[in-house]
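Spelled out, the chains give:
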Amino acid sequence: MEKLINFITQFKELIIFLALVIISLSLISMDDVSRIGGFRTVVIGTVGWFQRLFAWIPNPGALEAENRAIRELNIQLSEEVMRMREALLENQRLRSLLLFKEKYPNELIIAEVIGKSTVQLRNYITIDKGKEADVDFGMSVRTDAGLIGVVIGLTDNYSLVELILNRNVKVACKFQRTGYNGIVVWEGGENLLVKNIPESFDVAIDDIIETSDFSNRFPNNIPIGKVAKVETDPGSLFKRIEVKPFANFNTLDQVFVVKYIPDKERIQLIKESEERLKNRQTVR
Amino acid sequence: MKVLYGTERRRQKVTVRFLYYTITALLISILQVSVLEFIAVSSITPDLLIILIVWIALIEGRLGILFAGFAYGLIFDLLSNDLIGMNALTKTIVAFAAGLFYKEGKSDMLISTFRFPLIVFLCSLIHNLIYFLFYIQPSDISYLNMMAINGLASSLYTSVFAIFPMFMRVFRNR
Numbered sequence: 001m002e003k004l005i006n007f008i009t010q011f012k013e014l015i016i017f018l019a020l021v022i023i024s025l026s027l028i029s030m031d032d033v034s035r036i037g038g039f040r041t042v043v044i045g046t047v048g049w050f051q052r053l054f055a056w057i058p059n060p061g062a063l064e065a066e067n068r069a070i071r072e073l074n075i076q077l078s079e080e081v082m083r084m085r086e087a088l089l090e091n092q093r094l095r096s097l098l099l100f101k102e103k104y105p106n107e108l109i110i111a112e113v114i115g116k117s118t119v120q121l122r123n124y125i126t127i128d129k130g131k132e133a134d135v136d137f138g139m140s141v142r143t144d145a146g147l148i149g150v151v152i153g154l155t156d157n158y159s160l161v162e163l164i165l166n167r168n169v170k171v172a173c174k175f176q177r178t179g180y181n182g183i184v185v186w187e188g189g190e191n192l193l194v195k196n197i198p199e200s201f202d203v204a205i206d207d208i209i210e211t212s213d214f215s216n217r218f219p220n221n222i223p224i225g226k227v228a229k230v231e232t233d234p235g236s237l238f239k240r241i242e243v244k245p246f247a248n249f250n251t252l253d254q255v256f257v258v259k260y261i262p263d264k265e266r267i268q269l270i271k272e273s274e275e276r277l278k279n280r281q282t283v284r
Numbered sequence: 001m002k003v004l005y006g007t008e009r010r011r012q013k014v015t016v017r018f019l020y021y022t023i024t025a026l027l028i029s030i031l032q033v034s035v036l037e038f039i040a041v042s043s044i045t046p047d048l049l050i051i052l053i054v055w056i057a058l059i060e061g062r063l064g065i066l067f068a069g070f071a072y073g074l075i076f077d078l079l080s081n082d083l084i085g086m087n088a089l090t091k092t093i094v095a096f097a098a099g100l101f102y103k104e105g106k107s108d109m110l111i112s113t114f115r116f117p118l119i120v121f122l123c124s125l126i127h128n129l130i131y132f133l134f135y136i137q138p139s140d141i142s143y144l145n146m147m148a149i150n151g152l153a154s155s156l157y158t159s160v161f162a163i164f165p166m167f168m169r170v171f172r173n174r
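In order, the protein sequences belong to chains A and B.
Be aware that the first sequence starts at 1, since it is given in our numbering, and climbs by one per residue.
Be aware that the second sequence starts at 1, since it is given in our numbering, and climbs by one per residue.
Chain A on its own, in the form it takes in the complex (with noise of 0.2 Å):
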């Protein structure tokens, strides 16, 4: 016994200690706050009264963190509010392209445009749908608003799109008011040109034109633009006649090709007759 309260009373500091750690650990296992509920409420009462006490004593690191937080927050609602921006805008272009999908009589494929390419005023677009796809050659292309160009070059995957606003397209046009045909014509600028078109006729700003039957490459009633600007030219028997197009082609990102190729064989007849007539252009 003596031995035991000797030991006790050398090591007194060390059992306490294991003791304390011993109760410790045990309120700890415990995790129960449920039976001081109460007092947490007195305390936090009370601590909320302490810092509402000093809440005046200006905090510069918590204030620079909350500025920083803030303006990090601004950013990111920034880039939503353009994202959710932009996300409205294609909503609506697809929409009206899913709309217009429907209305349309000719099989119609969707396509993306992945790339423009300008090559000395002749301007291009390449298309994500190739062969696989059913795209060919000679095939139109169109957006919702209007003509933009015509199948050139295929792959598998992908298409070359000739725009009109091209100087070696020449589109057989006619005014959807008065039925007049011309051809369609770019020589640079935004505009397009209608030829052919005499002094005599009927042409009124924001006339419709559209692909006439006459052309032998495009489908006809595809719209291509509105009359923008009507010029007499003194010297010439024909008018001067501006066509501001239906597309974009400063935003061109989603496309349709039309499943319409031309007649083959009043191509090929086309074709023979020019030839024959050059050939007796030479003759003479």
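By construction, these hints were calculated from the structure, which means they are not laboratory data.
Model, not experiment: these values are computed from the prediction.
Glycine included, each C-beta is placed from N, C-alpha and C at the ideal position.
Warning: the hint list may mix true and false statements.
Unchecked claim - What follows is a list of derived Cβ distance ranges for each label pair: (1) A:Trp56 with B:Leu19: 30 to 36 Å; (2) B:Leu152 with A:Thr9: 35 to 41 Å; (3) A:Asn6 with B:Phe134: 31 to 37 Å.
Put chain B on the given structure of chain A with help from the hints.
Coordinates of chain B only, in the frame set by chain A:
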């Protein structure tokens, strides 16, 4: 009889001192949970209770501080909404560790020199080693990272604050 009277007086003095210590601990705990965030650096605050416990341990010796450490830790647990027993455990261990540096009659030598912040740093490090071991339990936080970043920084910050009581003691001795 004279000796007994002296012992009784001494015991009374110690009791009064511990009463003061307890009031100080309570005030420090309230400050710690309410206004110390004003001097927080990247969410790290000094642990003033550790400084107090080391201070008491170096003055009063090993036995008393064990109970005090446990009690102050428990008070802090109740005030800080921490897990009950967490600070009681860590502060008891800090009290035990600080008590190891106690040398009778040499408390001034320890407190009024730079040994004091050094002891505080060591005790704080031990405190954080144990505290973070429990703290990270329910999470995937790396213990080593936690200790390397928060544990060390908190110990350093606490030891910097230990310089103030050290100078107080130095000026009082003059």
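Tested hints:
Separated by about 32 Å at the C-beta atoms, Trp56 (chain A) and Leu19 (chain B) satisfy the suggested range of 30 to 36 Å. Taking the beta carbon of each, Leu152 (chain B) and Thr9 (chain A) are about 39 Å apart, inside 35 to 41 Å as hinted. A beta carbon spacing of about 36 Å between Asn6 (chain A) and Phe134 (chain B) agrees with the range 31 to 37 Å that was offered as a hint.
Of the numbered hints given earlier, the model fails none.
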